[in-house]
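Student: In the order they appear, the protein sequences are chains A and B.
Taking my numbering, the leading residue of the first sequence gets 1, the next gets one more, and so forth.
Taking my numbering, the leading residue of the second sequence gets 1, the next gets one more, and so forth.
Among these hints, one or two may not hold up.
[Claimed, not checked] For lysine-lysine, the following DSBU-like pairs were computed, each having C-alpha atoms within a straight-line distance of at most 30 Å:
no. : chain 1 : residue 1 : chain 2 : residue 2
1   : B       : Lys188    : B       : Lys69
2   : B       : Lys188    : A       : Lys232
3   : A       : Lys232    : A       : Lys39
4   : B       : Lys188    : B       : Lys83
5   : B       : Lys39     : B       : Lys232
6   : A       : Lys108    : A       : Lys39
7   : B       : Lys188    : A       : Lys188
8   : B       : Lys188    : A       : Lys108
9   : A       : Lys39     : A       : Lys83
10  : B       : Lys232    : B       : Lys188
11  : A       : Lys188    : B       : Lys232
12  : B       : Lys108    : B       : Lys39
13  : A       : Lys83     : A       : Lys108
14  : A       : Lys83     : A       : Lys188
15  : A       : Lys232    : B       : Lys232
Because the hints were derived from the structure by calculation, they are not lab data.
Chain residues, written in single-letter form:
Number of protein chains: 2
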Amino acid sequence: MTYCVAVKLNAGLVFLSDSRTNAGLDQISTFRKMIVYEKPGERFMCLLSAGNLSISQSVREILQVEQLKDPETDEAITIWNAKSMFDAARVLGAAVRHVYDRDGESLKRAGVDFNVSMIFGGQVAGEGMRLFQVYSAGNFIEATAETPFFQIGESKYGKPVLDRVITPNTPLDEAAKCVLVSMDSTLKSNLSVGLPLDLVVYEADQLKSDRIVCIDDNNPYFRMLHNTWGQKLREVFDSIEHPTWDGSHTAVPLMTGSARRALKKISTPKDKLI
Amino acid sequence: MTYCVAVKLNAGLVFLSDSRTNAGLDQISTFRKMIVYEKPGERFMCLLSAGNLSISQSVREILQVEQLKDPETDEAITIWNAKSMFDAARVLGAAVRHVYDRDGESLKRAGVDFNVSMIFGGQVAGEGMRLFQVYSAGNFIEATAETPFFQIGESKYGKPVLDRVITPNTPLDEAAKCVLVSMDSTLKSNLSVGLPLDLVVYEADQLKSDRIVCIDDNNPYFRMLHNTWGQKLREVFDSIEHPTWDGSHTAVPLMTGSARRALKKISTPKDKLI
């Protein structure tokens with residue numbers, strides 16, 4: 001599997017991906033799932049992909065040459081000349097459909113779902129940042145202030161901390177920390193997600209990023225975060241009172257009377273019901 | 001959906017279930033997913049169920065009258081007279097197969113999977129405690145010291161804290177706190193899991209339990225835990241350094257040279273590839 005997450009903040013965008021790919025548990029490999037498209041000063045885009053690796057690799061390969069026709073000018077729109085991130089996302093959707101047209105029928109015959117999901121975000125000079133999640137059908141949705149992050153792949157383990165922390169006002173470095181904690185929880189609980197990680201932090205309106213890092217076992221920040229988070233989480237856990245079963249103010253009231261009888265079958269079996 | 005979790009410790013067993021059932025998002029109801037079978041001093045068993053509600057309700061109904069033949073004595077084995085939890089789990093497996101024989105074909109015609117999963121644990125006088133996870137086919141696996149907990153339903157959100165805390169030596173009340181934190185994370189991130197919760201704490205060799213509680217919105221312990229956990233988690237998160245991008249000891253080393261070029265596509269598109 002895979003775990004990728006991207007966040008859209010007022011201050012910028014943060015992208016994080018793992019790099020484990022597996023076809024069954026005995027065929028595990030490392031593949032990068034992030035790619036950055038940058039024309040400094042003009043456009044910055046980042047693409048994260050999950051799902052069938054042959055599909056996502058094909059989409060990434062095609063994406064650089066894929067084009068849509070502009071209905072007004074009849075000119076070709078590519079991710080390199082699109083005037084908006086929305087148009088660039090349409091080009092990405094078209095690339096997904098292109099791969100479907102090429103491979104979909106054969107995959108179906110082989111019993112393989114056409115399964116790919118992508119997160120695509122960035123900024124083109126002249127408009128604000130945008131962040132999209134693109135589905136297997138090439139359609140897509142956009143992140144909003146109410147839903148400022150997208151996750152693809154093994155998303156559930158790492159969702160609670162994002163739900164607790166991320167808002168559009170979260171500062172960039174705090175969001176970077178948060179997605180790394182989210183990834184750490186996922187790594188802890190799911191073998192199919194693995195290091196190294198690729199992290200991109202994009203500051204609004206820069207139209208380029210120098211904060212592109214590959215995080216492996218030896219990365220001092222991620223090691224610190226992993227150890228500190230695990231240890232402090234444990235301290236917090238230990239600091240919360242255990243439940244008590246008497247009358248004190250945090251006691252768990254014991255169930256009595258009919259509520260208790262509804263849950264509990266006591267003693268001998270009923271007569272045969274069926 | 002549903003979230004149920006059960007833990008087997010040296011000190012006893014802990015069972016927790018939510019009570020939300022949904023058939024699509026506009027048909028949400030409250031159904032209890034826990035049932036306790038107790039003959040004080042002789043046997044204590046607890047069953048948690050997830051999956052198709054009509055199946056799990058039928059299994060629970062049948063379970064009290066289901067019987068297997070003992071091949072040696074030709075006597076009927078039920079959950080009320082089984083000499084071991086293993087035999088009781090076999091009776092439960094037989095009840096699942098009984099419902100499959102009755103409903104499986106009709107469900108298949110209606111395009112509905114025969115989907116049910118259960119956690120079943122407890123103790124029969126004369127042997128140790130045991131905890132099983134029972135599948136749709138009526139087969140089952142048993143918890144061990146290495147894998148002391150089972151989860152069914154929406155299990156991923158709440159798994160990281162269990163992975164971090166639970167070992168066979170965890171005290172009972174600490175385990176009760178841990179499954180409640182695990183449930184709290186699940187409630188936070190998934191609408192299809194909801195209050196009230198049913199919690200059972202069983203102390204080894206008691207062959208009965210008085211710690212059976214229903215936890216709703218007003219439960220003071222769960223409210224305290226929910227608020228404290230959320231707030232302290234946030235404090236821990238805030239206490240961890242943000243990543244820095246310079247040369248300090250926890251810095252995230254920036255990617256340079258070929259590694260960076262491998263991730264980044266700069267500027268103009270390649271020639272047409274396809």
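Student: Compare the structure with each hint and give your call.
Tutor: Hints, one by one, checked against the model:
no., hint, in the structure
1, B:Lys188 / B:Lys69, "violated, 46 Å"
2, B:Lys188 / A:Lys232, "holds, 21 Å"
3, A:Lys232 / A:Lys39, "violated, 42 Å"
4, B:Lys188 / B:Lys83, "violated, 41 Å"
5, B:Lys39 / B:Lys232, "violated, 42 Å"
6, A:Lys108 / A:Lys39, "violated, 38 Å"
7, B:Lys188 / A:Lys188, "holds, 20 Å"
8, B:Lys188 / A:Lys108, "violated, 37 Å"
9, A:Lys39 / A:Lys83, "holds, 13 Å"
10, B:Lys232 / B:Lys188, "holds, 15 Å"
11, A:Lys188 / B:Lys232, "holds, 21 Å"
12, B:Lys108 / B:Lys39, "violated, 38 Å"
13, A:Lys83 / A:Lys108, "violated, 36 Å"
14, A:Lys83 / A:Lys188, "violated, 41 Å"
15, A:Lys232 / B:Lys232, "holds, 10 Å"
Checked against the numbered hints listed earlier, the structure breaks hints 1, 3, 4, 5, 6, 8, 12, 13 and 14; every other hint is satisfied.
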